[in-house]
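Trainee: Read in order, the letters of the sequence shown are residues 36 to 292 in my numbering.
If you're looking for bench data, these hints aren't it; they were derived computationally from the structure. Note that the structure is predicted; figures quoted are calculated from it, not measured. Each hint should be verified, as a subset may be incorrect.
[Stated by the list, open to error] Computed cross-link-like contacts, DSSO-like style, restricted to lysine-lysine with a CA-CA straight-line distance of at most 30 Å:
no., residue 1, residue 2
1, K158, K273
2, K94, K129
3, K158, K182
4, K228, K129
5, K282, K228
6, K182, K94
7, K158, K288
8, K205, K94
9, K94, K158
10, K273, K228
11, K182, K205
12, K273, K288
13, K158, K129
14, K94, K288
[Said to hold, decoys possible] Have a look at the derived ranges for each label pair, beta carbon to beta carbon:
no., residue 1, residue 2, range
15, K228, G103, 17 to 25 Å
16, G103, D156, 43 to 51 Å
17, S266, R215, 19 to 27 Å
Just so it is clear, CB atoms sit at the ideal spot from N, CA and C, and this is done for glycine as well.
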Amino acid sequence: MSLDYSSSEMMTVTAARALENGMTCFVGIGLPSEAANLARLTHAPDVVLIYESGTLQTKPDVLPLSIGDGELCESALTTVSVPEMFRYWLQGGKVSVGFLGTAQIDRFANLNTTLIGDYHDPKVRLPGGGGAPEIATCAGEVFITLKHSRRAFVRDVDFVTTLGFGRDGKGRDGVPNIGRGPTRVITDLCVMKPDPDTKELVVVSLHPGVTREDVIEATGWEIRFASELDSTPEPSVKELEILRDLKDRTARKHAGE
């Protein structure tokens, strides 16, 4: 049976499947939050979701607008102070995966959420790093999810807010007590992973209906493809139903219904 789903739903479901039961996940707002909560509501009911505001084992009924959304605190097992969240939980090595979004990403998985253009005369100022730099440094590994376009996927980010593998792919070499960094990037077109040697992002899986040309056209550098390129599994009926219900519930709540 052929299912009717959007590229955004494909991305969210694929990102959700990257999480496993028993993981402790530090969740970013937006697409990462959507994917993490879908995982919790489907195949990974025991995934522990942590948000930057200090909420532990959070189980929101609707997606939060920000880390300060009361839904997070009300649905959490407990809430700790932000310093404790970072110093004890994150820097203490108790977070297995950080799930991040971004405005720009480059070929070495560096993230930019600071500005577009020249640092001293930017075209656009972005919200900044928040907890992302610390998450990328201290979490065991990092998953990144964002929509694929030349605007987002650039050869070199304008500013390294959050370290992937540095400007030359060697930014984590020889650095003690640092996580593995980005292990996968999930977009609405494909899944990428860093090359084991160079750390440059390589396409390992294409979503159904997506061609190599589609990815090349949407990427701002000469993207490489794995020699054995997989096809990403389609969403299931159950995953789509739960995701759509979650988003409908969220929209109604935020509209005041």
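Trainee: Decide, hint by hint, whether the structure agrees.
Mentor: A quick look at each hint next to the structure:
Taking the CA atoms of K158 and K273, the gap is near 43 Å; set against the 30 Å cutoff, the hint is violated. Under the criterion of a C-alpha separation no larger than 30 Å, the hint pairing K94 with K129 is consistent with the structure, at around 19 Å. Taken as a hint, the K158 and K182 pair is honoured in the structure, with Cα atoms around 21 Å apart against an allowance of 30 Å. For the suggested pair K228 and K129, the alpha carbons sit about 24 Å apart, so the restraint of at most 30 Å is met.
With a C-alpha separation of about 28 Å, the suggested pairing of K282 with K228 holds against the 30 Å cut-off. Between K182 and K94 the CA atoms are separated by roughly 25 Å; this keeps the pair inside 30 Å, and the hint holds. A hinted pair counts as satisfied when its Cα atoms are at most 30 Å apart, and K158 with K288 does not qualify at roughly 35 Å. A threshold of 30 Å between alpha carbons decides the hint, and for K205 with K94 the separation of about 37 Å lies outside it, so the pair is violated.
A distance of roughly 38 Å separates the Cα atoms of K94 and K158; the hinted pair therefore is violated under the 30 Å criterion. For the hint linking K273 to K228, the alpha-carbon distance of about 27 Å falls within 30 Å, and the restraint holds. Between K182 and K205 the alpha-carbon distance is near 26 Å, which keeps this suggested pair within the 30 Å criterion. For the proposed pair K273 and K288, the alpha carbon gap of about 22 Å is at most 30 Å, so the pair holds.
Distance restraint check for K158 and K129: the Cα-Cα separation of roughly 38 Å exceeds the 30 Å cut-off, and the hinted pair is therefore not satisfied. Between the alpha carbons of K94 and K288 the distance comes to roughly 16 Å, so the proposed pair stays at or under 30 Å and holds. At roughly 33 Å, the beta-carbon separation of K228 and G103 lies outside the given 17 to 25 Å, and the hint is violated. Checking the proposed 43 to 51 Å range against G103 and D156 shows it is violated: the Cβ atoms sit about 31 Å from each other.
Between S266 and R215, the C-beta spacing of about 26 Å keeps the proposed range 19 to 27 Å intact.
This entry does not satisfy hints 1, 7, 8, 9, 13, 15, 16, going by the numbered hints stated previously.
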